[in-house]
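*Asks:* Sequence:
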Amino acid sequence: MTNKNICFNIYSGEDMEKQILHIDVNNAFLSWTAVDRLHNGEKIDIRTIPAIIGGDESNRHGVVLAKSMPAKQFGIKTGETIYQARKKCPEIQVFMGNYDSYRKHSNDLYQILLEYTEKIERFSIDECFMDLTLFLGKDTLINKAYEIKQRIKEELGFTVNVGVANNKLLAKMASDFEKPDKVHTLYKKEIPSKMWTLPASDLFMVGKKSIVKLETLGVKTIGDIAKLNKELLIKKFGKHGKVMWEYANGIDESEVIYEQEKPKCIGNSITLPQDIYNINKLNEILLALSEQVGFRLRKHKMLAGVINIQIKTNEFKVYSHQKKLDIYVNTTKDIYCTAKELLETLHSNKPVRLIGIKVDKLIDEEEVQMSLFNTKENEKYEKLDRVMDELKKKYGYNKVTRAGEMKVNNMLNIREEK
DNA sequence: TCTGGGGTCCTAGGACCC
DNA sequence: TCTGGGGTCCTAGGACCC
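Per our numbering: the first sequence = residues 605 to 1022.
Simulated from the structure, these hints should not be mistaken for laboratory data. This one's a predicted model, so the numbers in the text were calculated from it and none came from an experiment. Just so you know, not all the hints are guaranteed correct.
[Unchecked claim] The list that follows gives simulated cross-link-like pairs (lysine-lysine, DSS-like), each with its CA atoms no further than 25 Å apart:
#	residue 1	residue 2
1	840	676
2	742	786
3	866	692
[To be verified] Simulated restraints on C-beta separations:
#	residue 1	residue 2	range
4	924	793	42 to 50 Å
5	660	746	28 to 36 Å
6	952	711	38 to 46 Å
7	952	794	49 to 57 Å
8	928	644	34 to 42 Å
9	802	998	34 to 42 Å
10	949	834	42 to 50 Å
11	802	683	39 to 47 Å
12	843	664	44 to 52 Å
13	904	751	18 to 26 Å
14	840	997	46 to 54 Å
15	737	840	45 to 53 Å
16	674	754	18 to 26 Å
For every residue, glycine included, the Cβ atom is placed at its ideal position computed from N, Cα and C.
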């Protein structure tokens, strides 16, 4: 939906309407954990009891990542603290997430969808768009939707909602209607009855801050946004106002992006188990974060033009500094050195709760002539990275570390990459 | 033991140039 | 001799999504 690709219709004259499905896994992390547990012989299906997937509270990662339908009945919301969830439902059961498993379930789902079309956009780990415009044959879009939903349930053991529409925005809005295990359509003529009646906050891209401003304009429903003057919205919200007005009116021309896109930035951050004051300690963590970001950057065969670091103080104030580099880099050493410099200019003896690093302005390795700037010194570090990367790929990310990095990695709980 | 992590995109303001 | 304005690049911060 934020896609700027322009598609010219080669069938000149008649304007072919797109046939789009949006597949959304119901309570993905919780459902997938439930499937894993049943598979391991556990008797209770945690989808049927008040349960949540949450982070580790002792490491200050205590937020709700997913909830069961019974948990939802207690008013528990994704993103709130586990502490708050317990207040709403003292007998709530909390389970840890397992990203390796989630990735596997996501891939299994994708494999089924691939049998229908290769025009699939993996919008997140648990959401896909499918463009079936040229792949329907004699069948109807809604029949396909039911078939796909049923196959996923029977073959993979979890349920999805499927949105059926003529563009991505409406398909996504449709899949968000009544859950779970449902197919919903949202065609143009259905917009007033099915979408305009919903609260404004249900519209994609309308968040908390926008709601506050919209309320001052007397907006309560999506229909209210649709009927507002477009120019007024643009005046109040800039480009975002145009997007909101178009979405409220069901307008979205973006294409399903089915080819793997290169990342635009890569980041890694960590909320620390305890606040840290000592800059040397922070530097140690920065090295581990640099290594992880560098590893991913090199895996994509890319280089970074900007290094950014961010800290959050114990008062939840966020500060960031970034630096544009004269040359593009991807060695752990280059990333770390710049990050370290930035931290020195940013650090002010305030207790640090979170620290993060991000590389930005990424380009492909081929796009840059490296040899001109390559010194013997740099070659040494590049070779070291290559060796480390290969070992990590072979034996697992955390099995191979630089001196001093190990204990930090254990603390950071850095996820292994695919 | 209250408040995660990884992304994308946009905006405002300052520096600098002509 | 008291103050213009367009343009580009860069940085910090923030909104929104899953």
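*Asks:* Are the hints correct? Go through all of them and say.
*Replies:* Consistency of the hints with the structure:
1. Restraint check: the Cα-Cα separation between residue 840 and residue 676 comes to about 35 Å, which exceeds 25 Å; the hinted pair is violated.
2. At most 25 Å may separate the alpha-carbon atoms for a hinted pair to count; residue 742 and residue 786 meet this at roughly 23 Å.
3. For the given pair, residue 866 sits about 42 Å from residue 692 by alpha-carbon distance, which is inconsistent with the 25 Å threshold.
4. Under the hint 42 to 50 Å, the C-beta atoms of residue 924 and residue 793, about 46 Å apart, fit the expected range.
5. Between residue 660 and residue 746, the C-beta spacing of about 43 Å breaks the proposed range 28 to 36 Å.
6. Checked against the given bound of 38 to 46 Å, the beta carbons of residue 952 and residue 711, roughly 44 Å apart, stay inside it.
7. A hinted range of 49 to 57 Å holds for the C-beta pair residue 952 and residue 794, which are about 55 Å apart.
8. Judged by the Cβ atoms, the range 34 to 42 Å given for residue 928 and residue 644 is violated: they are separated by roughly 50 Å.
9. For the pair residue 802 and residue 998, the beta carbons lie near 51 Å from each other, so the given range of 34 to 42 Å is not met.
10. The beta-carbon spacing between residue 949 and residue 834, approximately 43 Å, falls within the hinted interval of 42 to 50 Å.
11. About 20 Å separates the C-beta atoms of residue 802 and residue 683, a value inconsistent with the hinted range of 39 to 47 Å.
12. Taking 44 to 52 Å as the suggested C-beta distance range, the pair residue 843 and residue 664 does not conform, at roughly 36 Å.
13. A C-beta distance of roughly 36 Å is found between residue 904 and residue 751, which places it outside the suggested range of 18 to 26 Å.
14. Roughly 50 Å separates the CB atoms of residue 840 and residue 997, a value that falls within the hinted 46 to 54 Å.
15. For the pair residue 737 and residue 840, the supplied restraint of 45 to 53 Å is violated, since their beta-carbon distance comes to about 36 Å.
16. Taken as a hint, the range 18 to 26 Å holds for the pair residue 674 and residue 754, whose Cβ atoms sit roughly 24 Å apart.
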